[in-house]
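Peer 1: Listed here are the chains, written in short residue letters.
2 protein chains.
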Amino acid sequence: MSLQDVLARIDRDLPEAVARLETLLRIPSISTDPAYRSDCAKAADWLVEDLRGIGFDASARPTPGHPMVMGHGGNGGGRHLLFYGHYDVQPVDPLELWHSDPFGPQIEDTPRGKVIRGRGASDDKGQLMTFIEACRAWKAVNGTLPGRLTIFLEGEEESGSPSLIPFLKDNAAELKADLALICDTGLFADRVPAIVTQLRGLAKVEFTIRAASRDLHSGGYGGLAINPLRVMARLLAGLHDDKGRVTLPGFYDGVTELPEDIRAQWQGLAFDHAAFLGDVGLSVPAGEQDRTPLEMLWSRPTCEINGLWGGYTGAGFKTVLPAEAHAKVSFRLVGQQDPAKIRAAFFDYVRANLPADCTVEFDQSTGSPASHMAVTDPAFELARKALSDEWGMPAAFIGEGGSIPVAGYFKTYLGMDAMLIGFSKDDDQIHSPNEKYDLDCFHKGIRSWARILAALT
Amino acid sequence: MSLQDVLARIDRDLPEAVARLETLLRIPSISTDPAYRSDCAKAADWLVEDLRGIGFDASARPTPGHPMVMGHGGNGGGRHLLFYGHYDVQPVDPLELWHSDPFGPQIEDTPRGKVIRGRGASDDKGQLMTFIEACRAWKAVNGTLPGRLTIFLEGEEESGSPSLIPFLKDNAAELKADLALICDTGLFADRVPAIVTQLRGLAKVEFTIRAASRDLHSGGYGGLAINPLRVMARLLAGLHDDKGRVTLPGFYDGVTELPEDIRAQWQGLAFDHAAFLGDVGLSVPAGEQDRTPLEMLWSRPTCEINGLWGGYTGAGFKTVLPAEAHAKVSFRLVGQQDPAKIRAAFFDYVRANLPADCTVEFDQSTGSPASHMAVTDPAFELARKALSDEWGMPAAFIGEGGSIPVAGYFKTYLGMDAMLIGFSKDDDQIHSPNEKYDLDCFHKGIRSWARILAALT
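Line by line, the protein sequences give chains A and B. Each residue of the first sequence is one higher than the one before, starting from 10 at the first, in this note's numbering. Each residue of the second sequence is one higher than the one before, starting from 10 at the first, in this note's numbering.
Pulled out of the complex, with its shape left as it was, chain A reads as follows (with noise of 0.2 Å):
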């Protein structure tokens, strides 16, 4: 039987793989609060009968936290293929912003099509399911899965991911394949499917500035003791240069030039930069002023203050010097960056840096280095293909400004490579109240695993 058949079957079958996808959206997995346990368990035992009955040899494997769902299928030849998702949601708050149930899924009209919405629509279940589907179809036209197939779900994924390393290195051998698939990922402003080939790393650092051995008046003591919150205004202030790069010493090292053909295909993609900006409000690109974009966004680090807090933040005014200065800084690694060579070079200038009577306290983070994917193993521009034939317009290889772990995670633990591929489009409202997933994502996703897995099995 052909593709085109399995194509068609796909789409026959719609009507029924929105109301799987429904069911899964009714169960409240929400990972991170312990009353929603029994839910986790639930959701991974649909999932794992779901796949048993398209010929998985599927089952929730416990861990300390939520169940893992492994399922082995198909003997064909061509790529083992490894395909993660995850079954878990985040909360609902504030549920008062919700317009229905978060676990009532709704299907919408809303002037840009029909709309699925609930906690999880995109996030990850409408995007796992678009997998399992393709599966289904496959299954039900050709009588065997595709090619050999594992099927890899996390319940942990937003509650920070707490047993996937101990599961990871547990079951290795179980889990190793050729190739990883991770739909959990978008389409390209919206519009454009995309294949992720790299992603930026991260090293974090959150530290505390003492001086003083309690809050004082400012009154009393300003102007003759020292403020924590100027050391650390300072400090901060002077983590960039004018030009919008990053001052510390070696913070460069490691970082390469985008490879021409990569930078050939990002200017292609014409990315409009205004409209990215003016969805949030902002209108000017902030980041080092010599550096397009695309490239401040996916191929250049960074280092971010995300919190600072210290003194007297209520309302009113209480003229304290405070004892003690907080921040939080977060730096995004491309290329070969070591986050522990980054750590080690901000802990080094705070130090070179502090004044008489102020001590630092440093936290014990790690990092994860910039993931790049080996663009020249065929199966990229074989999925990068079969991606632009169903969407009818060219699949991008593109960068990701955010960390994926579970994507360094194989590589680092399993030895094989990601393939990050997925169908969300920026306004699905993930992490947030009224979250959606388009149908026509959802259905043309599906197709689009459809030819995937075609292609490369």
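In case anyone wonders, no lab produced these hints; they're calculated from the structure. The reader is advised that the hints may include incorrect statements.
Copies of the same chain look alike in the list, so a pair counts if it works inside one copy or between any two.
No farther apart than 30 Å at their CA atoms in a straight line, the calculated lysine-lysine pairs in the BS3-like style are these [unchecked claim]:
1) 327 <-> 178
2) 252 <-> 327
3) 453 <-> 123
4) 185 <-> 148
5) 51 <-> 185
6) 178 <-> 350
7) 453 <-> 148
8) 327 <-> 420
9) 453 <-> 420
10) 350 <-> 327
All figures in this text were calculated on a predicted structure; none of them were measured in a lab.
We have chain A already, so just place chain B on it with the hints.
Peer 2: Same frame as chain A, but now just chain B:
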């Protein structure tokens, strides 16, 4: 009868004076907490009765908040003196840190002598009673009150004095005197009697810098979108130069150098800044590098960050680019510095240095200029001699780094200077648990007022 008789009477009656103070301390007159409203009235009534008992024509005057106590006495010659104190006290939280009932005063033996412990013992019930006890002894010995006196006791000093200015305006004719006496300050360096002759003013600014229309993810936007915390850090860091001077244009307009006689006196105080800073865990004067420690504290203006916040400040990490950054900044003012001009210069500085896409909002607060008393009034030298005689060491004219607003209000609304004389010590723990007042300070404080009244009336 002679001053010596009055002093002897004070010595003889000390136990009864302490007992009266204990009675007053048992009334929990916490002005900021509506639950203690009737207790504030009770304290006012007790003081009215006590003043009447020694010959004052006293009454409690209603205000929208707690009553003012006003009393007139004496019809002798010399200066008409207005004495100011406050009968309200700070809250007692955290109660668990008190070693005894805050409103069950105790006489305790300590290594440094006897103290009376309880909320308000030092601030300000113990201090205000030093003056009343001096009047009582004077009356007992002489049959009349000294000179011509007005006593004016406030019940809202610890809750922002909301009724004070309207009351001063409405009762200016009745309150106006030749000189105000304020007993709400301390000894110098815990040993040397002192008259505060200059107080720094205060200008405050609370402001918010806004950029994006919502919080952004630092992965998805970092490097491209402007971060208001970075803007805030840079703005705050730019407020001082490398020598500790404030950079705002015109900031030092109206700042005068210390007169030579005051400078000489301050040098004579041999201020031990190492001990002063050492008490709070510091060692190095952190202000303008070419100024003495006492200048930094008393006669030089400052700019301090009192509160700073933005982004994620909870446990763990959230890689957010916040939409807003907030700060509270205050300026201690000296000489003729104009609080409104200082605020305007700050506004100009922020606006001139605000990057594209950022907006700023400032609060509507006001400020108060510095106060400099006319020490050429012979009353100051007379009082200094009286204090020196009592304490056995030369009393000092000192500055005060903080603001005591009532002193400025007396100048503004009643056109009179104030002599600020008090007997508290740095370790009295005012506003904190286990507040105390040294019995020796209480006793010598009463005797000090008797000497001052003898000198001035």
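Peer 1: All hints, please: hold or fail.
Peer 2: Do the hints match the structure? See the list:
For the identical chains of this complex, residue 327 and residue 178 are inter-copy neighbours only, at 27 Å across copies versus 52 Å inside a copy, given an alpha-carbon limit of 30 Å. In this assembly of identical chains, the alpha carbons of residue 252 and residue 327 lie at most 30 Å apart only when taken from different copies (26 Å versus 36 Å within one copy). Taking the closest pair of Cα atoms, residue 453 and residue 123 come within 30 Å of each other only inside a single copy of the chain (13 Å); across copies the shortest separation is 85 Å, beyond that limit. In the homo-oligomer, the alpha carbons of residue 185 and residue 148 lie at most 30 Å apart inside one protomer (23 Å), although the nearest pairing across protomers, at 98 Å, exceeds that limit.
Taking CA atoms no more than 30 Å apart as the test, residue 51 paired with residue 185 passes inside one copy only; the shortest distance there is 27 Å, against 80 Å between copies. Proximity of residue 178 and residue 350 under a CA criterion of 30 Å is satisfied intra-copy only: 26 Å inside one chain copy versus 65 Å between copies. For a Cα distance limit of 30 Å, the shortest separation of residue 453 from residue 148 inside one copy, 18 Å, qualifies, whereas the shortest one across copies, 99 Å, does not. Taking the shortest Cα distances, residue 327 and residue 420 sit within 30 Å of each other only across copies (24 Å), while inside one copy they are farther apart (52 Å).
In this assembly of identical chains, the alpha carbons of residue 453 and residue 420 lie at most 30 Å apart only when taken from the same copy (28 Å versus 79 Å across copies). Proximity of residue 350 to residue 327 under the C-alpha cut-off of 30 Å is restricted to the inter-copy arrangement: shortest distance 22 Å between copies versus 40 Å within a copy.
The structure agrees with every numbered hint stated previously.
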